[in-house]
Amino acid sequence: MNKKQKNLLIRIIISAIFFVPLFIILEGREHGFISIDIPQWAIIIMFLVPYLLVGHDILRKAFNGIRNKQVFDENFLMTIATIGAIVLGQYGEGVAVMLLYQVGELFQSYAIGKSRKNITDLMDIRPDYANIEVDGQLEQVDPDEVEVGSIIVVKPGEKVPIDGVVVEGNSSLNTAALTGESKPREVEVDDEVLSGSVNMTGVLKIRTTTEFDESTASKIVDLVENAASRKSKSENFISKFAKYYTPIVCYAALALAIIPPIFIMVTGIGMGGYADNFALWGDWVLRACTFLVISCPCAVVISIPLSFFAGIGGASNQGVLVKGSNYLETLSQVRVVAFDKTGTITKGNFEVTAVHHSPLDDHQLLEYAALAECHSSHPISRSLREAYGKHIDQTRVTDVKEISGHGISAKVDGREVELGNEKMMDSLGIEYKPCHHVGTIIHVALDKEYCGHIVISDQLKENSKEAMAALRSVGVRKTVMLTGDARAVAEKVAADVGLTDFRAELLPADKVNCVEELLSECTGKDRLAFVGDGINDAPVLSRADIGIAMGALGSDAAIEAADIVLMDDDPLKIAKAIKISRKCLAIVKQNIGFALGVKVVCLILAALGIANMWIAIIADVGVMILAVLNAIRCLFVKKI
Amino acid sequence: MKKSYKIDVDCANCANLMEDAAKKTDGVKDCSVSFMTLKMKVEFDEGADVDSVMKNVRDNCKKVEEDCEVYI
Chain A
-4 MNKKQKNLLI RIIISAIFFV PLFIILEGRE HGFISIDIPQ WAIIIMFLVP
46 YLLVGHDILR KAFNGIRNKQ VFDENFLMTI ATIGAIVLGQ YGEGVAVMLL
96 YQVGELFQSY AIGKSRKNIT DLMDIRPDYA NIEVDGQLEQ VDPDEVEVGS
146 IIVVKPGEKV PIDGVVVEGN SSLNTAALTG ESKPREVEVD DEVLSGSVNM
196 TGVLKIRTTT EFDESTASKI VDLVENAASR KSKSENFISK FAKYYTPIVC
246 YAALALAIIP PIFIMVTGIG MGGYADNFAL WGDWVLRACT FLVISCPCAV
296 VISIPLSFFA GIGGASNQGV LVKGSNYLET LSQVRVVAFD KTGTITKGNF
346 EVTAVHHSPL DDHQLLEYAA LAECHSSHPI SRSLREAYGK HIDQTRVTDV
396 KEISGHGISA KVDGREVELG NEKMMDSLGI EYKPCHHVGT IIHVALDKEY
446 CGHIVISDQL KENSKEAMAA LRSVGVRKTV MLTGDARAVA EKVAADVGLT
496 DFRAELLPAD KVNCVEELLS ECTGKDRLAF VGDGINDAPV LSRADIGIAM
546 GALGSDAAIE AADIVLMDDD PLKIAKAIKI SRKCLAIVKQ NIGFALGVKV
596 VCLILAALGI ANMWIAIIAD VGVMILAVLN AIRCLFVKKI
Chain B
172 MKKSYKIDVD CANCANLMED AAKKTDGVKD CSVSFMTLKM KVEFDEGADV
222 DSVMKNVRDN CKKVEEDCEV YI
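Chains as they are written, first to last, in this note's numbering: chain A, -4 to 635; chain B, 172 to 243.
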């Protein structure tokens, strides 16, 4: 509890000590159990002590609100309702409502503070300190103060505070906080380590490569915390709702206090139930006051952002980073998922599996290919370099030209090398031999002469097939793969993992068109998600209703471009993310329905004179408590 | 230009009121208050004097909810 909350608690306890015996004595006197003679003015003063003690800040805020032309807030409602009750001689009710309202406020503030802390603790994977060796002694310092290139020491059981490279020691790291994946990762000298992972076995010395603020863990925490500022439609709806709800209820209460008694007085219908005009007005004004007590919108207003916040927190704990509540909302409506192939459905670690029809030595052909591709970061280029396996002397390569969607041309040792797909050979007018193998076929030409082709193939991820089945089971009706690869490769992959559709031989720009085409086919509330690995597909990620980047650990570009980031590269997480969003949205809807439902029922009961103030205030606080507890359920998404 | 400020406020509806109040302040292009993280993200108009705008934002917020605080 913070200072403000403690202060309020003390005020509540003291005023309850004053109020409860007083209330019992008065009730007893009314029912004839106790007979003491207390003058009316003394009773009023005795009730005013606990009333002012517990409610003075509410009265002051209401007064200031009126002065600042912000009339309709819950302080105003409570002030009018309680003063109304007291003026009508219902001292007990008036004080009790104020007391209970404050108990509710205290509980709300405590519960929210507590859940805020739970969620942020869950999300905060940043360590508070870093160990630095000074004269052979370890010293704990603020990680903010560690400069790039410093050597930090991470002992077993500690979190890695800053990204870096291991310079001494080996150990296994638990990256669960980053990826949600519990399998430990072995690291040794020269391996890169990311902040936020937990060192499990050995002492590591790490040379930092970033500042604390730029480290992976800090970035993740920032991203998730900032997510709350991108508000969902439900949140906007509820804050708009609150804006109109309170004034409407106030006017309704005013109408309730005036219209029925005038109607009864004029027509005489139902007048029999009242002793005199004073009793008639008193009854309806009291009903109106009860109305006001119920009208506080806080339970509804708090539970929605809290649900989203808990959902985002729970998801981040599972390695699914959601960049805003609005994306969580959209994700729950996804019915069509488009995939990039490489790195998403397949592993993306291409291997050279064959070299065909080469007049040269296979290794020599690979050497030319690897050299020509030496500047490219594309997975295909990487696999060519790996197949070559020797050091690449970049000075041998000149005039590199990348022809998007076709291939690369370059000069290696002065010889003209062209390599790429069939389109590339066609455009150069070079005759080539087609390949019957399934895979990516790289045709090579030396000085415009065909020199055979290299077959590179990719493997499916273990979970791809399961992931598609999981997506179908959460109601995704269309799974489409978009790839630049040959039709034969795409067809095989699509059939193997069970995709409903695929588009092959696409240039990067075609992917955007494909997504637009798919978007135009989406009807009603159906939404389209695009899943990619964040390399080269930023335009598609942003064009789709929702862009999901996967395997993004350490890739800034992907984190930047996507709306949702899967920290590891398991495609099963896509269905999981959708399930998390559905659960969260279901809870949001439950809370809106439940809170509004109870309010409306209570308002009707109050208007009919069935619900008194006690019921009103208990309903108000009770709804808030249940809504907050329900919202917290969004946090528990581990087994979903 | 965008800047993020820490705030203190007790109820969710008050946070919404603060957001509205901040949005209406001169020099503020857009604003988003997150009750859950207790942060206010303010986007300023081109060439606005951040310090004086933020003082106005704080004053306006205090008008709608006197118990709130914006840490400038």
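Be a bit skeptical, because a hint or two may be false.
Once the Cα atoms are required to be at most 20 Å apart in a straight line, the calculated SDA-like pairs of lysine to any residue come out as [what the hints assert, rightly or not]:
id : chain 1 : residue 1 : chain 2 : residue 2
1  : B       : Lys210    : A       : Ser110
2  : B       : Lys177    : A       : Asn63
3  : A       : Lys238    : B       : Lys177
4  : A       : Lys(-1)   : B       : Lys194
5  : B       : Lys233    : A       : Phe58
6  : B       : Lys210    : A       : Gln103
7  : B       : Lys210    : A       : Val66
8  : B       : Lys210    : A       : Asn63
9  : A       : Lys318    : B       : Leu209
10 : B       : Lys200    : A       : Phe58
11 : A       : Lys56     : B       : Asp201
12 : B       : Lys173    : A       : Asp217
13 : B       : Lys234    : A       : Gln85
14 : A       : Lys214    : B       : Lys194
15 : B       : Lys212    : A       : Val66
16 : B       : Lys210    : A       : Phe58
17 : A       : Lys109    : B       : Ile178
18 : B       : Lys174    : A       : Asp217
19 : A       : Lys64     : B       : Asp238
20 : A       : Lys318    : B       : Lys212
21 : B       : Lys194    : A       : Asn231
22 : A       : Lys(-2)   : B       : Asp201
23 : B       : Lys210    : A       : Arg55
24 : B       : Lys233    : A       : Arg55
25 : B       : Lys233    : A       : Asp217
26 : A       : Lys(-2)   : B       : Lys212
27 : B       : Lys233    : A       : Asn63
28 : A       : Lys235    : B       : Asp201
29 : B       : Lys233    : A       : Lys214
30 : B       : Lys212    : A       : Asn321
31 : B       : Lys234    : A       : Ile253
32 : A       : Lys112    : B       : Asp179
33 : A       : Lys228    : B       : Ile178
34 : B       : Lys210    : A       : Gly108
35 : A       : Lys56     : B       : Lys173
36 : B       : Lys226    : A       : Ile398
37 : B       : Lys177    : A       : Val66
Derived from the structure by calculation, the hints contain no laboratory data.
Model, not experiment: these values are computed from the prediction.
A quick look at each hint next to the structure:
{"no.": "1", "hint": "Lys210/B x Ser110/A", "result": "16 Å, holds"}
{"no.": "2", "hint": "Lys177/B x Asn63/A", "result": "24 Å, violated"}
{"no.": "3", "hint": "Lys238/A x Lys177/B", "result": "24 Å, violated"}
{"no.": "4", "hint": "Lys(-1)/A x Lys194/B", "result": "28 Å, violated"}
{"no.": "5", "hint": "Lys233/B x Phe58/A", "result": "14 Å, holds"}
{"no.": "6", "hint": "Lys210/B x Gln103/A", "result": "19 Å, holds"}
{"no.": "7", "hint": "Lys210/B x Val66/A", "result": "26 Å, violated"}
{"no.": "8", "hint": "Lys210/B x Asn63/A", "result": "24 Å, violated"}
{"no.": "9", "hint": "Lys318/A x Leu209/B", "result": "17 Å, holds"}
{"no.": "10", "hint": "Lys200/B x Phe58/A", "result": "31 Å, violated"}
{"no.": "11", "hint": "Lys56/A x Asp201/B", "result": "27 Å, violated"}
{"no.": "12", "hint": "Lys173/B x Asp217/A", "result": "15 Å, holds"}
{"no.": "13", "hint": "Lys234/B x Gln85/A", "result": "32 Å, violated"}
{"no.": "14", "hint": "Lys214/A x Lys194/B", "result": "27 Å, violated"}
{"no.": "15", "hint": "Lys212/B x Val66/A", "result": "26 Å, violated"}
{"no.": "16", "hint": "Lys210/B x Phe58/A", "result": "28 Å, violated"}
{"no.": "17", "hint": "Lys109/A x Ile178/B", "result": "17 Å, holds"}
{"no.": "18", "hint": "Lys174/B x Asp217/A", "result": "13 Å, holds"}
{"no.": "19", "hint": "Lys64/A x Asp238/B", "result": "16 Å, holds"}
{"no.": "20", "hint": "Lys318/A x Lys212/B", "result": "15 Å, holds"}
{"no.": "21", "hint": "Lys194/B x Asn231/A", "result": "15 Å, holds"}
{"no.": "22", "hint": "Lys(-2)/A x Asp201/B", "result": "32 Å, violated"}
{"no.": "23", "hint": "Lys210/B x Arg55/A", "result": "26 Å, violated"}
{"no.": "24", "hint": "Lys233/B x Arg55/A", "result": "14 Å, holds"}
{"no.": "25", "hint": "Lys233/B x Asp217/A", "result": "27 Å, violated"}
{"no.": "26", "hint": "Lys(-2)/A x Lys212/B", "result": "26 Å, violated"}
{"no.": "27", "hint": "Lys233/B x Asn63/A", "result": "10 Å, holds"}
{"no.": "28", "hint": "Lys235/A x Asp201/B", "result": "17 Å, holds"}
{"no.": "29", "hint": "Lys233/B x Lys214/A", "result": "32 Å, violated"}
{"no.": "30", "hint": "Lys212/B x Asn321/A", "result": "17 Å, holds"}
{"no.": "31", "hint": "Lys234/B x Ile253/A", "result": "31 Å, violated"}
{"no.": "32", "hint": "Lys112/A x Asp179/B", "result": "14 Å, holds"}
{"no.": "33", "hint": "Lys228/A x Ile178/B", "result": "23 Å, violated"}
{"no.": "34", "hint": "Lys210/B x Gly108/A", "result": "14 Å, holds"}
{"no.": "35", "hint": "Lys56/A x Lys173/B", "result": "32 Å, violated"}
{"no.": "36", "hint": "Lys226/B x Ile398/A", "result": "55 Å, violated"}
{"no.": "37", "hint": "Lys177/B x Val66/A", "result": "27 Å, violated"}
Checked against the numbered hints above, the structure breaks hints 2, 3, 4, 7, 8, 10, 11, 13, 14, 15, 16, 22, 23, 25, 26, 29, 31, 33, 35, 36, 37 and satisfies the rest.
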